[in-house]
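Protein chains: 2
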Amino acid sequence: MYPAFLKVFPAFFKTFFKMKLSALFTKTKHNPPQGEVSINAKLLEQAGYISKMMAGVYAYMPLGLRVLKKVSAIIREEMDALGAQEIYLSALQPKALWEVTGRWNELSEIMYQFTDRSDQEVGLATTHEEPITEIAKHYISSYKDLPLAVYQIQDKFRDEPRAKSGLIRGREFSMKDLYSFHTTGNDLDSFYLLVANAYKKIFQRLCLPVRMIEASGGTFTKSYSHEFQVIADAGEDKLIYCTNCDYAQNAEISRYKDGGHCPHCEKTLTESRGIEVGNIFKLGTKFSDALGLHYTDSDGVARPVHMASYGIGPGRVMGTIVEVSHDERGIIWPKSVTPFHAYIASLGNDPGMIECIKKVYTKSQSAGYEVLYDDRNVSPGVKLRDADLLGIPLRIVTGTKSEGKYEISERSMSTKKIVTEKEVFTTLSSFYS
Amino acid sequence: MYPAFLKVFPAFFKTFFKMKLSALFTKTKHNPPQGEVSINAKLLEQAGYISKMMAGVYAYMPLGLRVLKKVSAIIREEMDALGAQEIYLSALQPKALWEVTGRWNELSEIMYQFTDRSDQEVGLATTHEEPITEIAKHYISSYKDLPLAVYQIQDKFRDEPRAKSGLIRGREFSMKDLYSFHTTGNDLDSFYLLVANAYKKIFQRLCLPVRMIEASGGTFTKSYSHEFQVIADAGEDKLIYCTNCDYAQNAEISRYKDGGHCPHCEKTLTESRGIEVGNIFKLGTKFSDALGLHYTDSDGVARPVHMASYGIGPGRVMGTIVEVSHDERGIIWPKSVTPFHAYIASLGNDPGMIECIKKVYTKSQSAGYEVLYDDRNVSPGVKLRDADLLGIPLRIVTGTKSEGKYEISERSMSTKKIVTEKEVFTTLSSFYS
Numbered sequence: 159m160y161p162a163f164l165k166v167f168p169a170f171f172k173t174f175f176k177m178k179l180s181a182l183f184t185k186t187k188h189n190p191p192q193g194e195v196s197i198n199a200k201l202l203e204q205a206g207y208i209s210k211m212m213a214g215v216y217a218y219m220p221l222g223l224r225v226l227k228k229v230s231a232i233i234r235e236e237m238d239a240l241g242a243q244e245i246y247l248s249a250l251q252p253k254a255l256w257e258v259t260g261r262w263n264e265l266s267e268i269m270y271q272f273t274d275r276s277d278q279e280v281g282l283a284t285t286h287e288e289p290i291t292e293i294a295k296h297y298i299s300s301y302k303d304l305p306l307a308v309y310q311i312q313d314k315f316r317d318e319p320r321a322k323s324g325l326i327r328g329r330e331f332s333m334k335d336l337y338s339f340h341t342t343g344n345d346l347d348s349f350y351l352l353v354a355n356a357y358k359k360i361f362q363r364l365c366l367p368v369r370m371i372e373a374s375g376g377t378f379t380k381s382y383s384h385e386f387q388v389i390a391d392a393g394e395d396k397l398i399y400c401t402n403c404d405y406a407q408n409a410e411i412s413r414y415k416d417g418g419h420c421p422h423c424e425k426t427l428t429e430s431r432g433i434e435v436g437n438i439f440k441l442g443t444k445f446s447d448a449l450g451l452h453y454t455d456s457d458g459v460a461r462p463v464h465m466a467s468y469g470i471g472p473g474r475v476m477g478t479i480v481e482v483s484h485d486e487r488g489i490i491w492p493k494s495v496t497p498f499h500a501y502i503a504s505l506g507n508d509p510g511m512i513e514c515i516k517k518v519y520t521k522s523q524s525a526g527y528e529v530l531y532d533d534r535n536v537s538p539g540v541k542l543r544d545a546d547l548l549g550i551p552l553r554i555v556t557g558t559k560s561e562g563k564y565e566i567s568e569r570s571m572s573t574k575k576i577v578t579e580k581e582v583f584t585t586l587s588s589f590y591s
Numbered sequence: 159m160y161p162a163f164l165k166v167f168p169a170f171f172k173t174f175f176k177m178k179l180s181a182l183f184t185k186t187k188h189n190p191p192q193g194e195v196s197i198n199a200k201l202l203e204q205a206g207y208i209s210k211m212m213a214g215v216y217a218y219m220p221l222g223l224r225v226l227k228k229v230s231a232i233i234r235e236e237m238d239a240l241g242a243q244e245i246y247l248s249a250l251q252p253k254a255l256w257e258v259t260g261r262w263n264e265l266s267e268i269m270y271q272f273t274d275r276s277d278q279e280v281g282l283a284t285t286h287e288e289p290i291t292e293i294a295k296h297y298i299s300s301y302k303d304l305p306l307a308v309y310q311i312q313d314k315f316r317d318e319p320r321a322k323s324g325l326i327r328g329r330e331f332s333m334k335d336l337y338s339f340h341t342t343g344n345d346l347d348s349f350y351l352l353v354a355n356a357y358k359k360i361f362q363r364l365c366l367p368v369r370m371i372e373a374s375g376g377t378f379t380k381s382y383s384h385e386f387q388v389i390a391d392a393g394e395d396k397l398i399y400c401t402n403c404d405y406a407q408n409a410e411i412s413r414y415k416d417g418g419h420c421p422h423c424e425k426t427l428t429e430s431r432g433i434e435v436g437n438i439f440k441l442g443t444k445f446s447d448a449l450g451l452h453y454t455d456s457d458g459v460a461r462p463v464h465m466a467s468y469g470i471g472p473g474r475v476m477g478t479i480v481e482v483s484h485d486e487r488g489i490i491w492p493k494s495v496t497p498f499h500a501y502i503a504s505l506g507n508d509p510g511m512i513e514c515i516k517k518v519y520t521k522s523q524s525a526g527y528e529v530l531y532d533d534r535n536v537s538p539g540v541k542l543r544d545a546d547l548l549g550i551p552l553r554i555v556t557g558t559k560s561e562g563k564y565e566i567s568e569r570s571m572s573t574k575k576i577v578t579e580k581e582v583f584t585t586l587s588s589f590y591s
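Residue numbers (my numbering), protein chains in the order written: chain A, 159 to 591; chain B, 159 to 591.
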């Protein structure tokens, strides 16, 4: 019933969706929004994917939510494949829990903290190590309960001093965080490598070229973390990398700070910027020591649980994709996260060419494709401009010279093909295989 | 490939899931948690569906999140069927927007409000009429743009003075809110009826017996709202209802306050309590007037947009289901939202009976069923106690006297059947049809 290409798509998108552009809640704007400096915010707002609520805070409109959900679904599938179990934690956090680890004060500059009407101090979770460690105490008591891995995909909050990077640095942002629990550091090390590989697979499916690099460690020690960086001008991190192999390092901790040659292939290293789209941390026993998460080993001795956490921000991923995949006319979505498989339109009001497009619209759903039908009564120029801005990978149009055939083109290429109705679907099928 | 029963299930649950209880993150507890008074919190925490973070704030554990997602998916499908488009708004809200409607002050007792590090006052959305009206101004300008309907399923926040009802009254809680936009009050009235019918269908699918009643209107006028109430002792609302027909009314606004006879069937009315699981409001032009959401009619005249909003809380629904569907031994999930279709276990360690259960476990996924396999090395008594507490609708076990057959029973009934392996799957199929 479903074509084979669905294997590359998240599983729950087996409920298809067709939409007429005239019925869509959003409209494209003629100009980029005022007051945005980042490319991703400019293009996503102009195209109607997101709507700005305040600095660093965006609402997702129908097309934007579709992209965000596809990103999340790909991440979810790879987490499930690791055997991790999905949970959902709270944004509201009691001060007492975060005081135990010292992070109530440590994070006070970026954590929204306030007093509720019953005079309790509460905060909005910037991250969730404290609550997950506390919760795990209910369920982990013996070495027989380990290893375990759980993950969450939900919004977190940070009172960012600068929030000018669109979806890349939000005050309210979606995060996937995976947490793993182990009896020993060795067991943690093995799982850490599995997660690193799962991350590579995720970014491959998202069509994001990442480099896994040693990182500065944040609040933890250097050797305990890795980042997944995408080379991009919009990045906030300084990287040193090799254009020949996949070697890269954070400039802050690199001994090649002042240039030098790649330790793998001897090529001269380049200074550049990167966007961190994922990170993996070995937490060791930091949180289990502080909060008292212990297990009893086979000799009956109580020992602290070894932990690691692994993050990817789906919203930041979406913003990064736009940063690295666009041109002067608009966004160019990769196949795996495009809001629709094809943009379809008749370039004119001739009943014959409208009829042809309606045929494709009607047959798409049963054939298993998501299509956005630009049925608006506007000029061909406006339609083509919006098609480019929206960035759907395939465009299928009929024009005055079509004579019952279709012009099909890829958003990322300038070539066009004239095809029959049957060939429209074989093209869709081969493109999304 | 998929059995016909899937029609009653949310579409995205076509990715199946089997799980061994020994590998589940959570464990059941021997006793209900201290400090909870509501039945839903007691049972859901004891069974490991949720974990309490602070008063009125719960984390969803793997089984609980599965139930919550199924509830949300049913609601989502019925919203999509109405032609509504899903969006996702922000929790963080700027004070300025809420001052325009006067609700920054009006809601100050229940809205978390605080100052960020750049000295801006922000709040956490208790509801989203202001932001959706503001956003709609970008996209609605002509009568040709209307009608429109959008919805969101996400968390909202209320600084509740009392939060002792578990998932029924949370400080952080999931909400589905639908918003519709119309040229006229008449058009709004027609859509309002469609939504009322969609709500009836949703609650039917959720197996919640609701009564749609006239409501007190909250911040709006009486005649403009309806509530969907479930008769339950745990309810916070006082209702007057008829046990013979579906007539009911909010006691506060009822002229039958002091008893009386049903206006439909003459039966004596009863005083009882109800849990509000949904509500629908005609907002009229309240928000569009305040925030300036206008459309131009066919004569070129600017007019305010007519609006309505329609809420259902998926978390509250989950809590309500437990309130009305449990017994002294535990939860009894309805078929449509159960975390698993069947609980399976061998009541003993005989290799033959374990082999039989493993066969069902292995074949379930290809047959399209979600099974929870209690593979723990614990006594039959512990298994049966936990099976009852967890509340999965069907239980399939093998025992010493099984002789290659299976004992199958419904959680809600005391009868048991002895069946062959083939009959296990025909029973599953007919139960979930």
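Do not rely on the hints blindly, as some may be mistaken.
Because identical chains cannot be distinguished in the list, a pair is counted as satisfied if it fits within a single copy or across any two copies.
Keeping only pairs whose Cα atoms sit at most 27 Å apart, straight-line, the calculated DSSO-like set for lysine-lysine is [unchecked claim]:
hint, residue 1, residue 2
1, K517, K580
2, K563, K210
3, K396, K185
4, K176, K227
5, K178, K210
6, K227, K359
7, K322, K295
8, K563, K302
9, K541, K295
10, K178, K295
11, K187, K210
Derived by calculation from the structure, the hints in this document are not laboratory data.
Evaluated hints:
1. K517 - K580: within (11 Å within a copy, 45 Å between copies)
2. K563 - K210: neither (41 Å within a copy, 61 Å between copies)
3. K396 - K185: So K396 and K185 fail the 27 Å test inside a copy (37 Å) and across (45 Å) alike.
4. K176 - K227: both (16 Å within a copy, 24 Å between copies)
5. K178 - K210: Classified as within; 24 Å inside a copy, 44 Å across copies.
6. K227 - K359: both (18 Å within a copy, 26 Å between copies)
7. K322 - K295: between (39 Å within a copy, 24 Å between copies)
8. K563 - K302: neither (65 Å within a copy, 31 Å between copies)
9. K541 - K295: For K541 and K295, only the inter-copy Cα distance (22 Å) is at most 27 Å; the intra-copy one is 57 Å.
10. K178 - K295: Intra 51 Å, inter 20 Å, cutoff 27 Å: inter-copy only.
11. K187 - K210: within (14 Å within a copy, 45 Å between copies)
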